[in-house]
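Chains A and X, in that order, give the protein sequences. Those letters in the first sequence? Residues 1 to 447, per my numbering, in order. Those letters in the second sequence? Residues 1001 to 1447, per my numbering, in order.
Possibly wrong hints are sitting among the right ones.
[Said to hold, decoys possible] Per the computed footprint, the stretches of chain A lying under chain X, defined by three or more beta-carbons under 8 Å from a beta-carbon of chain X, are: (1) 54-65; (2) 80-88.
[Unchecked claim] No more than 27 Å apart at the CA atoms, straight line, and that leaves these computed lysine-lysine pairs for DSSO-like: (3) LYS243/A - LYS1055/X; (4) LYS55/A - LYS1317/X; (5) LYS151/A - LYS1290/X; (6) LYS55/A - LYS1290/X; (7) LYS290/A - LYS1055/X; (8) LYS1243/X - LYS317/A; (9) LYS1303/X - LYS303/A; (10) LYS1243/X - LYS243/A; (11) LYS151/A - LYS1303/X; (12) LYS1055/X - LYS317/A; (13) LYS317/A - LYS1317/X.
Bear in mind the hints are in silico, worked out from the structure with no lab data behind them. The beta carbon of each residue, even a glycine, is placed where N, CA and C say it ideally should be.
Protein chains: 2
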Amino acid sequence: MRFISKISGALLSLSVAGGMATTAAAQQGQAPLSAEESDPRVMGWMVGSPPPEDKIITQPDSVYFSFPRLRWSVCHLREFLPTEEISRGLGAPVPLSYLPPDQLGEYADEIDALTFTPMNSDEEMTWEESLGANYTDGLLIMHKGRVVYEKYSGCLTEDGKHAAMSMTKSLTGLLAQILVTEGQLDETARVIDIIPEIEGSAFATATVREVMDMTTGVKYSENYADPNADIWVYSRAASPLPKPEGYTGPNGYWEYLQQVQPDGRHGDEFHYKTINSDMLGWIITRVTGKEVTQLASERLWSKMGAEQAAYQTVDGKGVPFAGGGLTAGLRDLGRLGQLVLNGGVINGKRLFPAEVTERISQGGDPSKFLGFPTMPGGSYASQWWSFHNDHGAYAARGVHGQTIYIDPTAEMVLVRFASFPTAANGRIDPTSLPAYQAVAEYLMSKD
Amino acid sequence: MRFISKISGALLSLSVAGGMATTAAAQQGQAPLSAEESDPRVMGWMVGSPPPEDKIITQPDSVYFSFPRLRWSVCHLREFLPTEEISRGLGAPVPLSYLPPDQLGEYADEIDALTFTPMNSDEEMTWEESLGANYTDGLLIMHKGRVVYEKYSGCLTEDGKHAAMSMTKSLTGLLAQILVTEGQLDETARVIDIIPEIEGSAFATATVREVMDMTTGVKYSENYADPNADIWVYSRAASPLPKPEGYTGPNGYWEYLQQVQPDGRHGDEFHYKTINSDMLGWIITRVTGKEVTQLASERLWSKMGAEQAAYQTVDGKGVPFAGGGLTAGLRDLGRLGQLVLNGGVINGKRLFPAEVTERISQGGDPSKFLGFPTMPGGSYASQWWSFHNDHGAYAARGVHGQTIYIDPTAEMVLVRFASFPTAANGRIDPTSLPAYQAVAEYLMSKD
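Working from the sequences, and respecting the hints, build out all of it.
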């Protein structure tokens, strides 16, 4: 893995998007350190001037993004990688609304005491226990537009930021859906009609909508045991570091996308493949003439009262990673979720048409959605996940436990940052999704 | 230079600090492109999705930080390098005070029309002509606490940020002087008494004050023709990228500092050597337990009403580059300059004792200050430059034309960001320092 250890950076986001990141403990069948044991402050990462040699976290990403180090690194990605800012502009932030202090304490106590039954389990768990079980770094719950619950742990503080991982896709999808709804982007157009140089790629004949919903028939294997698997080619292409001597592969996300091979028929099935999100990022940039970071700033961050700038990692040509590069503050993702729940309105201002939220929340076709045991009957549309449950919940989701979970029935927005030892959300959903449902029902009982 | 092209990053800041950056045109004796011709918008850098191959700016720094590309890159360093944020906190920015709009226009016209005689010249130049001659990207002038002049050009906008280069040293020096004045740092202590592991280094026996004033006797050669020159060793040590196979040199700023050899006697002479600033950064961090970025946020950025977070580049172990890594907004450096001029008070709040400004503005010993033809009789103290002129002016200065120029007699703070083709300020001072004096006299005439 010597070569891989050198390409760093891109590998991080790609590997964790795909679920590669594992721990030595997990590989050996041991239980990983608990949330308490692996708390970065307990581990003592990066404390000291300099820290002891074994407490320094450095490149490559196989080091800095492996558990338990990743519990520190999720709050510090820019210290390892080149990034672009998503500017919040220069105005004053608009503080979030909160319950009155006494009620806030009451809600916190009651929510912590809530019980639920994890999937595939007979034993009840309290909400408070789920925080540790899920290696939670930050949790914000808003009900009817007011914060009712807010906790920071691990590496995160209220003025810190955390990797959003594949929740980035939902930001990219939201921007795309705004452009579609406003008529700037034709969802029925084929990619080649927008980006002629995609001609030789399987993406050429896909429609924008198929890219948005990840129903394209494109070859992208994530078999980590195969050194020629597409994930490695993509990683090398996406690395922001100078390419190794003799490197002849694609350079950057966009060059990679131009040589993607077909696999199946467009429109038939949903397959969760990150390259769709980067294809969508390219489409957005071609149509608007703006990078996704700039558009996210202009349309969202600078207008929603954000309190922190966010940022996105970039490839070696400065293209933001539209499939996984976002890092942001907890409350700012609360603002984003609230904006979506509110149908485009926040702080009395309309930022996009209500139809954008309608389209996202309506979800995709569940018959095309296979292979996600913790989300039976779900779907994926405009880069957002739909549960198609009683409450009509939908979500942005990222590996290691990131979510913006929106429950329109309960008028609830829940944002969680986490650093679960393994990447795949299928491992974290059992102690998460039933907990969200429990808190939604609790909030509805308070009405 | 193949190896050097791979280490990138650190080299940038070090080379430009030392004045290496030159242009192909300059090497061939041709005049470089004018400010207008080399304007990044005219050059078309990074425009398009993707930009044409010859308009993409990428690693290594020998590419991205060579003129004319550097005119774009000075606003985009984080897109090439790992960085740490200097947080502005979560509160509302405090807008700067401005002259009333009609007066602002009047002042702008009058300042643009001011004339001065550049050093070593017989021909007068107008202030407005000097903007182009100096490849100015941003210029802010405050008089008695109010903005009287503000211009953005090149790559810079009001919500953008620009590399501060060696002005970073003055931020580091300001933090150190605050600690000294407040009694947290003993300026008479020897470095070894604070950092025992510096034992084998020439820095061990220097006092904190000698480090602050760069009067240490330490070997640090910047002979770019010599592949074994210290600048290259420092560059390789400082690079945030994974070290090349077989690399056995120091890793990071602090390891480098531990093996610095002596050259002359401490206290005898001022020699402008960046390693002093990084030594000072280490001292600050050891004494406070905080990185310079964190301290800059806590003491300055989060308390002075800053409107943007700033950032600092880091080495491979996450140590911020205290000698050159800062990037910030133009107005925020105006706030910083005003804070210093005001003796530690801004927006009615005292952030540090008035003695800090007294010590900085008093300067160092001019008899130890040699080899700066454009600053005869000057000095360097606490990492700030003193002119010892009639007005008692002092400044933060960075290569390629960066300055915070403080004239206490005229009650003027002038901040300039620039991207002059060559690094050394000796080339830019002739059309800068007399211009500053002219505008200071103009402002005094308005009283």
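Which hints, by number, does the structure contradict?
The structure conflicts with no hint, since it agrees with every one listed earlier.
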